[in-house]
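Chains A and B supply the protein sequences, listed in that same order.
Residue numbering for the first sequence follows our numbering, starting at 1 and increasing by one per position.
Residue numbering for the second sequence follows our numbering, starting at 1 and increasing by one per position.
Rather than coming from a laboratory, the hints here were simulated on the basis of the structure.
Do not take every clue at face value.
Here are the simulated PhoX-like cross-link-like pairs (lysine-lysine), alpha carbons at most 25 Å apart as the crow flies [said to hold, decoys possible]:
1) Lys-14/B with Lys-55/B
2) Lys-3/A with Lys-41/B
3) Lys-70/A with Lys-38/A
4) Lys-38/A with Lys-41/B
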Amino acid sequence: AQKVTQAQTEISVVEKEDVTLDCVYETRDTTYYLFWYKQPPSGELVFLIRRNSFDEQNEISGRYSWNFQKSTSSFNFTITASQVVDSAVYFCALSEYGGTSYGKLTFGQGTILTVHP
Amino acid sequence: GAVVSQHPSWVICKSGTSVKIECRSLDFQATTMFWYRQFPKQSLMLMATSNEGSKATYEQGVEKDKFLINHASLTLSTLTVTSAHPEDSSFYICSAREDEYSNQPQHFGDGTRLSIL
Chain A
1 AQKVTQAQTE ISVVEKEDVT LDCVYETRDT TYYLFWYKQP PSGELVFLIR
51 RNSFDEQNEI SGRYSWNFQK STSSFNFTIT ASQVVDSAVY FCALSEYGGT
101 SYGKLTFGQG TILTVHP
Chain B
1 GAVVSQHPSW VICKSGTSVK IECRSLDFQA TTMFWYRQFP KQSLMLMATS
51 NEGSKATYEQ GVEKDKFLIN HASLTLSTLT VTSAHPEDSS FYICSAREDE
101 YSNQPQHFGD GTRLSIL
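The following block holds chain B by itself, in its conformation from the complex:
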């Protein structure tokens, strides 16, 4: 079945560092990918929609200058958390959209746990 690879799975870094997270669709092309954030013991909240070759669409309340999204190819989207601070510590998970009429129209990566010290 379709697989989405997300890397890294775990990041610990100092405050002020920028962190890049990659989301790759391994066996299908994904013109659209989604980025979600999940704080401990909370639900997943959509941050942004990443579209190949165009600007990402951010959800209300998400700082686009803080969370830079690049979707330069049909199989790769990246999320960069710029100048990360402890409040950015969270679980970030991406999904890649496939054929709507398949059993699973979107496939999730395994997520990235980000801890900012």
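The following block holds chain A by itself, in its conformation from the complex:
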């Protein structure tokens, strides 16, 4: 069975601080996908990144960066110089790679990020 754990329920920071959201996962699959989504108060899910399990390169996109460590089953997300607009719930998710179940996501509990001005 797959499991995703986001141990940080809520994080509060002041604007311009850097913040890291942790994600630890469990799976018996040797290949899989990892995702991060942002859910603003309006409720829709905003896709941030997909990473497949055989690509451990870290990725940077503007103020966002992701650190994938297969050895520790972690896929952490860092926001640099946070802004008020970053306030949202962030979900880490896991899915199978290929097969009939790809696209079916197991979500973590979510981390509520509040950025204060």
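Assemble chain B onto chain A, guided by the hints.
For chain B alone, coordinates are given in the frame of chain A:
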């Protein structure tokens, strides 16, 4: 990019009413769609996998007679909450599966907030 339309976005109705939620893939064909449910301040939990032209596959603990899923075409899946009660009040969100090798193998609708009085 690929878009999934979910309708309605908000429903308020009386207990005992049946409510139908539609999920449409607008610019791609989706043989498989997924339905998730999210209670307030909680994570998204997969309810069922909807397959075009065949019966849906329900996750453990989800009542298939309560949550009827129909996927009659390659672009439309519907979720009907039958004889809804206040405990069915939740945020329901669908996703449509696209090409696994695209950057986003699944695309989410904007969700439906269901409130049963």
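Hint check:
no., hint, in the structure
1, Lys-14/B with Lys-55/B, "violated, 29 Å"
2, Lys-3/A with Lys-41/B, "holds, 19 Å"
3, Lys-70/A with Lys-38/A, "holds, 23 Å"
4, Lys-38/A with Lys-41/B, "holds, 14 Å"
Hint 1 alone, counting from the list given before, is not met by this structure.
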